[in-house]
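Start from the sequences and build out the full structure, keeping to the hints where you can.
Going line by line, the protein sequences match chains A and B. Quick note on numbering: this note's numbering labels position 268 of the first sequence as 296, and the sequence is numbered without any gaps. Quick note on numbering: this note's numbering labels position 210 of the second sequence as 212, and the sequence is numbered without any gaps.
Hints were generated in silico from the structure; no laboratory data involved. Keep in mind the model is a prediction, meaning the values are calculated, not measured. Don't take each hint at face value.
Unchecked claim - Lysine-lysine pairs mimicking DSBU-like chemistry, simulated, CA-CA at most 30 Å apart:
no., chain 1, residue 1, chain 2, residue 2
1, A, Lys341, B, Lys15
2, B, Lys41, B, Lys122
3, B, Lys41, B, Lys204
4, A, Lys250, A, Lys104
5, A, Lys341, B, Lys178
6, B, Lys41, B, Lys178
For reference, the chains in residue letters:
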Amino acid sequence: MTAQAPITAGYETGGGTWRFPADRPLRLDSGATLAPLEIAYKTYGSLNAARTNAVLVCHALTMDQHMASPHPLTGKPGWWDLFVGPGRPLDPERHFIICSNVVGGCMGTTGPASIDPATGEAYGLKFPVITIADMVRAQAMLVEALGIETLFAVLGGSMGGMQVLQWAADYPDRLFSAVCIAAAARHSAQNIAFHEVGRQAIMADPNWCGGAYLKAGMRPDKGLAVARMAAHITYLSEAALQRKFGRELQRDGLSWGFDADFQVESYLRHQGASFVDRFDANSYLYITRALDYFDLAAPHGGVLAAAFVPARKVKFCVLSFSSDWLYPTSESRDIVRALNGAGCRASFAEVQSDKGHDAFFLDEPVFEQTLRGFLEAQAQARGLA
Amino acid sequence: MTSIREDFAEILKLVRPGARVLDIGCEDGALLELLTREKQIDGQGLEISPDGVAACLARGLAVVQGDGDRDLDHFPSQAFDYAILSKTLQQMREPRHVLSELLRIAGQAVVSVPNFGHWKVRWALLSRGRMPETGVLPEPWYSTPNIHLCTLRDFVSLCDALDLRIDACAALSEGKPARPIDPRRPIENWRAETALFLLSRKVEGKPAPGQAGLFE
Numbered sequence: 029m030t031a032q033a034p035i036t037a038g039y040e041t042g043g044g045t046w047r048f049p050a051d052r053p054l055r056l057d058s059g060a061t062l063a064p065l066e067i068a069y070k071t072y073g074s075l076n077a078a079r080t081n082a083v084l085v086c087h088a089l090t091m092d093q094h095m096a097s098p099h100p101l102t103g104k105p106g107w108w109d110l111f112v113g114p115g116r117p118l119d120p121e122r123h124f125i126i127c128s129n130v131v132g133g134c135m136g137t138t139g140p141a142s143i144d145p146a147t148g149e150a151y152g153l154k155f156p157v158i159t160i161a162d163m164v165r166a167q168a169m170l171v172e173a174l175g176i177e178t179l180f181a182v183l184g185g186s187m188g189g190m191q192v193l194q195w196a197a198d199y200p201d202r203l204f205s206a207v208c209i210a211a212a213a214r215h216s217a218q219n220i221a222f223h224e225v226g227r228q229a230i231m232a233d234p235n236w237c238g239g240a241y242l243k244a245g246m247r248p249d250k251g252l253a254v255a256r257m258a259a260h261i262t263y264l265s266e267a268a269l270q271r272k273f274g275r276e277l278q279r280d281g282l283s284w285g286f287d288a289d290f291q292v293e294s295y296l297r298h299q300g301a302s303f304v305d306r307f308d309a310n311s312y313l314y315i316t317r318a319l320d321y322f323d324l325a326a327p328h329g330g331v332l333a334a335a336f337v338p339a340r341k342v343k344f345c346v347l348s349f350s351s352d353w354l355y356p357t358s359e360s361r362d363i364v365r366a367l368n369g370a371g372c373r374a375s376f377a378e379v380q381s382d383k384g385h386d387a388f389f390l391d392e393p394v395f396e397q398t399l400r401g402f403l404e405a406q407a408q409a410r411g412l413a
Numbered sequence: 003m004t005s006i007r008e009d010f011a012e013i014l015k016l017v018r019p020g021a022r023v024l025d026i027g028c029e030d031g032a033l034l035e036l037l038t039r040e041k042q043i044d045g046q047g048l049e050i051s052p053d054g055v056a057a058c059l060a061r062g063l064a065v066v067q068g069d070g071d072r073d074l075d076h077f078p079s080q081a082f083d084y085a086i087l088s089k090t091l092q093q094m095r096e097p098r099h100v101l102s103e104l105l106r107i108a109g110q111a112v113v114s115v116p117n118f119g120h121w122k123v124r125w126a127l128l129s130r131g132r133m134p135e136t137g138v139l140p141e142p143w144y145s146t147p148n149i150h151l152c153t154l155r156d157f158v159s160l161c162d163a164l165d166l167r168i169d170a171c172a173a174l175s176e177g178k179p180a181r182p183i184d185p186r187r188p189i190e191n192w193r194a195e196t197a198l199f200l201l202s203r204k205v206e207g208k209p210a211p212g213q214a215g216l217f218e
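Put into structure tokens, the structure is as follows:
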């Protein structure tokens with residue numbers, strides 16, 4: 029079922045789509061089941077004989093499995109190219125790195141744009157509401173299918189970091205170490221509020237057609253673009269926006285109208301317009317919902333530490349960025365305190381950066397060194413050369 | 003420094019093999035690494051400086067970027083066998099609270115404090131009438147991080163007030179081997195430049211007021 033891609037660099041890349049038949053449904057938190065289930069994934073490097081070098085990277089809201097190879101739709105480099113490659117913290121010459129598209133996504137894994145076997149049409153709003161735990165349950169199915177009993181590390185930033193925490197809570201025996209970057213253990217009111225703005229923008233677009241736009245042959249591009257524009261502001265710090273654009277104008281002088289006079293307007297419009305080429309509006313609704321529903325402590329009587337008690341053997345690393353106001357350092361500190369409270373061995377560092385939430389995609393030397401240091405030490409503890 | 007720091011050597015002697023150790027203000031993790039290598043401890047560091055945190059991570063130590071003044075409250079009761087606070091108690095905003103917290107979190111605390119009653123300090127103050135600057139306390143008054151200095155006698159009386167038992171005490175001087183002392187002898191308040199204490203609670207399992215553990 030896997031399609032092996034040719035070797036590009038000095039290491040193997042692979043992946044494809046894993047299809048779980050109808051008799052192996054994904055059981056969802058909502059009580060619904062999803063079958064058949066397809067999971068699209070990419071791999072970099074090869075699994076060692078002892079099967080101890082597998083690393084799972086969990087992607088953020090609008091990312092996908094194309095972590096370290098060009099995106100098939102945009103042709104842009106992988107979103108974590110800076111951190112994955114020979115000599116980088118995740119090294120395909122040493123690690124077998126897996127990244128899969130989340131359930132509900134739109135890059136090959138079953139999502140609202142997939143065909144509902146019951147109707148023969150795209151699911152649309154008939155797609156069940158999914159959670160972060162559902163995404164992780166699907167990843168666990170894939171990891172098992174790939175013949176991996178224990179992951180050397182599970183890493184992720186933002187929504188990926190939430191999946192990392194969920195992995196530790198739900199499958200503590202199946203991961204050796206965990207790296208949670210720029211994330212939170214629950215969505216705050218402000219987080220939910222921003223997502224609601226995005227969802228309302230999509231649903232207010234007449235082309236959304238009550239979610240059945242694929243059937244109608246329409247695309248709610250305008251709504252999705254506005255959702256992306258609003259969200260994109262939350263990924264950057266005020267200082268980064270100011271440094272990048274200030275009050276710089278697109279052209280000489282003001283237009284005395286509502287064109288994109290300011291460079292920041294033009295930038296946001298571009299972000300919105302290019303996003304719709306690679307993302308599905310309903311996927312955006314479903315995945316933002318999953319984030320809003322995320323509260324790792326809730327099933328444990330509100331005591332976050334209780335979620336981590338089974339994960340005492342897992343080595344944790346929690347990282348935040350000083351200018352991230354989407355998932356600020358205080359959220360990471362809450363995670364660390366809960367880990368300490370649960371008796372887990374955890375490392376935590378706040379990386380000084382003025383680049384906001386998106387700093388984890390960017391060239392931040394201290395972040396890179398910290399990540400590298402932690403993974404190196406864990407590799408030694410795990411007996412990886 | 004070619005040999006192990008004298009306080010590290012003394013702490014190494016005190017710590018039981020395989021113990022769970024929290025090192026508060028662990029700097030670059032040198033002590034935790036030493037204890038891990040020599041005593042196979044299960045260690046956790048707390049360090050405020052980003053460089054220190056990065057150095058600890060590179061050594062493979064578990065380290066949390068944080069502040070002994072604020073972040074001790076979040077550790078559950080008796081989560082460690084030892085809590086080590088090496089030469090930074092006098093830099094804390096609330097040393098009394100911190101000391102009490104150490105013995106809530108851990109069975110025993112290893113604490114070292116520079117002795118402001120040492121003869122060099124007394125002489126400097128007496129002769130020059132100015133805040134002493136010594137090898138142990140090198141900074142001028144306006145830039146020193148040491149905001150809560152005490153004498154050996156002050157520290158012992160705080161231990162008494164908090165109902166703490168002094169299990170062991172050693173005097174440390176730069177470049178000299180540690181010397182076991184009775185910290186209650188007045189002469190030691192003149193002679194000891196720095197004192198290293200091993201402390202425990204007099205009443206076993208008695209938590210500090212208002213500091214119940216997470217799962218209690």
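A quick look at each hint next to the structure:
Restraint check: the Cα-Cα separation between Lys341 (chain A) and Lys15 (chain B) comes to about 28 Å, which is no more than 30 Å; the hinted pair holds. With a CA separation close to 36 Å, the supplied pair Lys41 (chain B) and Lys122 (chain B) exceeds the 30 Å bound. For the given pair, Lys41 (chain B) sits about 26 Å from Lys204 (chain B) by alpha-carbon distance, which is consistent with the 30 Å threshold. Proposed proximity of Lys250 (chain A) and Lys104 (chain A) is supported: the alpha carbons are some 23 Å apart, at most 30 Å.
With a C-alpha separation of about 40 Å, the suggested pairing of Lys341 (chain A) with Lys178 (chain B) is violated against the 30 Å cut-off. Between Lys41 (chain B) and Lys178 (chain B), the direct Cα distance comes to roughly 23 Å. Compliance with the 30 Å bound is thereby established for this hinted pair.
Against the hints set out earlier in the document, violations occur for numbers 2, 5.
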